[in-house]
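**Student:** For reference, the chains in residue letters:
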Amino acid sequence: MADPRGFLKTTERETANRRPVSVRIMDWKEVYEKRDGAVVKTQAGRCMDCGVPFCHHGCPLGNLIPEWNDLTWRGEGMNAIERLHATNNFPEFTGRLCPAPCESSCVLGINQPAVTIKEIEVSIIDEAFDKDWVKPHAPERLTGKTVAVVGSGPAGLAAAQQLTRAGHTVAVFERDEKIGGLLRYGIPDFKMEKHHIDRRLAQMEAEGTRFRAGVNIGSDITWEDLRSRYDAVLVATGATKPRDLNIPGRELNGVHFAMDYLVPANQVVAGVSVENQILADGKNVVILGGGDTGADCLGTATRQGAISVTTLAIGKQPPAERPGSQPWPTMPTLFEVASAHEEFGERSYLASTVEFVGENGQVTGVKVAETEFVNGKRLPKAGTETIIPADLVLLALGFTGVEGDEISSQSSVALDERGNVARSADWSTNADGVFVAGDAGRGQSLIVWAIAEGRAAAASIDEYLEGSTELPRPVKPNDRPISI
Amino acid sequence: MPPSQREICVAIVDDHDAIRFAFKGACEEYGLRFCGSAATVSDLIDKREVLGCDVVVLDLSLADGSIITDNVKALLAAQTQVLVFSIADKRHQVAAALKAGAAALVRKSQSMDELVSAIKQVASGRFGVTSMYLTHADDIQIKMAQGAKPGEGGQLPPNKVYPWIAKTRHSTPGVGLISPPPHHDIYSIEDLKQLIFDVKRANRAARVHVKLVSQVGIGTVAAGVAKAKADVILVSGHDGGTGASPLNSLKHAGTPWELGLAEAQQTLLLNGLRDRVSVQVDGQMKTGRDVVIAALLGAEEFGFATAPLVVEGCILMRVCHLDTCPVGVATQNPTLRSRFTGQADHVVNFFEFLAQEVREYLAALGFKSLDEAIGHSELIDVNRAIQHWKADGLDLSPILATPAIPAGASRRRITVQDHELEKHFDHKLIALAAEALENSKPVTIELPITNVDQAVGTMLGNELTKRFAADGLPDATINIKLKGSAGQSFGAFVPKGIKLSLEGDSNDYVGKGLSGGSIVIRPDRASVFAAEKNIIAGNVIGYGATSGSMFLRGIVGERFLVRNSGVTAVAEGCGDHALEYMTGGIAVILGPTGRNLGAGMSGGVAYVYKLRADHVNHEALAAGELHLNELNDKDSEQLKSLLQRHVEETGSALANSMLENFATEVNHFTCVLPRDYANVLAIRAKASKNGIDPDSETVWQEILEVTNG
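So the protein lines, in turn, are chains Y and H. Everything in the first sequence is counted per my numbering, starting at 1 for the first residue and increasing by one. Everything in the second sequence is counted per my numbering, starting at 1001 for the first residue and increasing by one.
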């Protein structure tokens, strides 16, 4: 390791600056300014190359973090990207979108600010793409076996790339018009510009992966038909069923699921025309749900010209620092100031929505009570109701499982009690040759888990088709992040 | 309820109101329950505040003129312990209080960081092994096996020898410490027996342990060690060890503790030696199950190090040797130490859980106590373990076997070793030195000595240290004059205040661990041979000596002053490997030396007469670590005064003639000086001269730059 005393010399984190708020809300481009290589290098020097690197364990992919930190410190970019690609198919996605469980389990983070692992990761891949070091790795021999991957989100794409490189012929099916799934249409440009996806897809196509956009498995082609045409099928359709809030007024116009708002907004930014787009300009917007989807809605509404945006969260405001109940190396729930929060809007906690108030079938306000905890349940406290004016209400309350019942009706694939696709220890469903990876099997989770599951499922599929595999298996289906 | 389960109750007897008041506040701060206070012992007793007290802190001299021994006895009669608290150094009163039964003494002048550790180690480097160190211990462990340390003996790199570390180790700040790989006084089992003998006389109350590494053949070694009168035999497994080790030591030294323990237990049982030693085991013990299996295989005591350290915050970074431990465990660096979060009660919790688990296993096995389980290896069922395809065909029965032993023979310790302490020469000395020990008055003792009298002066030294602690008594308060041939370890660990003058000769290990005393040896006055051409003492003189003086009129054997930490010694010639691993002190050699002088010498200074450069350790000279200089004025002064003392003490003809021609003779002397040591001393001297504290951070940085720490 380069500098054992680096962590004593550089004691503060330094991440890329965000563009000034007033400037960045005028456009949809990424909020970060260009990174300074010298700063990244110094920050990489803070890595202590621990004898027991907890960051490996925190990262579901098992990224070899101390190694590429060291290579970055030494300025060996080509070796760094090789090291990074050995465990992560899409560092340009995770380096922008992952909440970094690696940093939560960084050993330096025990009593000092953690190493800026995410920054280092994204700077490695950005440099690699800039200098054209990212080359396609087409397989030398084909196996003659075919695999259909349904869903082109991070799980499906990771599995597709792994299987293609192992020699199989892979077709990725996506019901949307363009490949990328949530990456492209769920996540706004200001968090990740879409040319990153296109660049990576170009590599995958050059490796031999086929893409079939605009094909909805379940309606355009049935599941059993698909299974009969391919040697193996991977279900990677995500957990897209939104959680609803069935309170009085739910049927009023102007009350929408967050994805019904976000996806069209992102399509429009990409240049696709959308009929009857839900817009926030000139409106009072209320977002229910204080998570990442809510923050994405906030940033989008801000840029569309909303006059006010209020985010309501039912629970307590999370602590600013790691609480005793979520000790190192777990990933704590902290009060986060995302880029969208810096730009606009108010956040309220302990807010239980009890009713949507409206006139003439159109929502005009949201009636909110204070949350109180009764026997561990979060209930609205009677007598504390107030009404917040709202012309547009977005429900960003999380996702509960797979949408629709085509898969269970068209095949023998079963769902488990949580509404996710049931799977056994080798990622297989109870339909022979049908596997599942990503949110579809795990329930709503993080991008990094999706990529890890995609890689692991690919190994199982390879083994199913060939009898044995050399592909890595970073996680198992029942792996969970460490917690007390 | 025992004190460990409730708050400790304390009271104070002191005639100053301000002190009583401050004491009450201190109790609150440290979580002690304050029971009461008074200006006199009788008041405390009358007020009944002494009832239920665990400890009464008692000022040594009270205004009411009461006698300390009466006070102590009165408090003891009230069923409480007494801690004597004193501003003055009234030695005889302190001694009286302790003899009357006071449990401890705290001097108001004592610094806060003089800690008491119950278990002390005697490693090959003998760093800091003084009479004080040995006297204040319950267990003394001789570390025979040291596989899991950097360097093959231990090593403390220069950047980790902070000023306060150097003080504890009796060495120089910023100069690295190296321990020689074997103990230089142990080359056979008889030598080990000698060291056990010496250490036992340095502290009769302490158990002497010998730490062995688990390996094939440990059974024989253990039997030998038991015969050598060790009280405890420690079998140390190949797991665990410090993160500062090189990987090949970590991974390839030793075998699992289970194997070594089984072999040691069986061999000891076979030879009828098991009943008089305790067997201890360690090596990454983590759970109650480990403890129970170890007990079934024959162990009575169990050592834990890694697990409690992890409880205190260690995260197995494996950078211990770099002094960058981010959680402040394996470092003395103040910045990193501030990041330490360990708490003693967490460690206590861990062991309570462990004990609970042990109880559960014992209950499942049908035992009512751990003692009942010891040695019952037949209760270990290995079938599931060997059903694995990798273990198929393994026959583990030799490990689990118990040899045929007579009915009623014990599988664990039920008696103690017979150390034959009552036969020691020193009992005479102690009786004759009573006036000095009790009243600090000088005494002179004259006795004959023979070569079966070993470790003469050691037990007396222990008695002195018990009473007078590190300060000892003024030099030569106990002036012992002996005639004859001394046995091994003459004057071992002898503290300041004892002078041993021997007319005759002596064997090996003279002045081993010398802790401030003085030793003078000269041939019999009636002898006709030239003293400077004949041998007066044996090998390994002054091993690990920390302070004091030795004047030896004659030639000594090999390894003279090996690991010397601060003794001043004069000899008239020596054998091979003199001054090996020396870290401090002054050596004067007035005649020919053997080869390989100064190997690993990192401190101290030597003045050698007509030194041949090819006799100095080649590597050290070539690397520039050792300098051979002419004597400067200060050196000459020092040499001259040492020669004068040598003549005074021993009547040395050689030294006398050198003094008569000093102006010429001084030019024949070479000053052997380690480079780093010279630099560090120069920096510290300069700092002091400029009024800067030599232990300060700036000076420390300068030192590190110079020694490349």
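These aren't lab readings, by the way, just hints derived from the structure by calculation. Hints may be right or wrong, so weigh each one.
What the hints assert, rightly or not - Pairwise CB distance ranges, derived in the manner of DEER restraints:
| hint | chain 1 | residue 1 | chain 2 | residue 2 | range |
| --- | --- | --- | --- | --- | --- |
| 1 | H | Q1387 | Y | I484 | 40 to 48 Å |
| 2 | H | N1248 | Y | E82 | 43 to 51 Å |
| 3 | H | Q1387 | Y | E417 | 48 to 56 Å |
| 4 | Y | P481 | H | N1383 | 31 to 39 Å |
| 5 | Y | A320 | H | E1372 | 33 to 41 Å |
| 6 | Y | E417 | H | D1381 | 51 to 59 Å |
| 7 | H | N1383 | Y | F335 | 26 to 34 Å |
| 8 | H | R1384 | Y | G37 | 50 to 58 Å |
| 9 | Y | P323 | H | R1384 | 53 to 61 Å |
| 10 | H | N1383 | Y | I484 | 34 to 42 Å |
| 11 | H | Q1387 | Y | H57 | 28 to 36 Å |
| 12 | H | Q1387 | Y | S228 | 56 to 64 Å |
| 13 | H | E1029 | Y | H57 | 46 to 54 Å |
| 14 | H | Q1079 | Y | K381 | 58 to 66 Å |
Claimed, not checked - Incomplete in silico selection of chain H near chain Y, CB under 8 Å:
| hint | residue |
| --- | --- |
| 15 | L1051 |
| 16 | V1055 |
| 17 | I1119 |
Backbone N, C-alpha and C fix where the C-beta goes; we use that ideal spot for every residue, glycine too.
**Student:** State the violated hints by number, sorted upward, taking the hints as numbered earlier in the document.
**Tutor:** 1, 2, 3, 5, 6, 7, 9, 12, 13, 15, 16, 17
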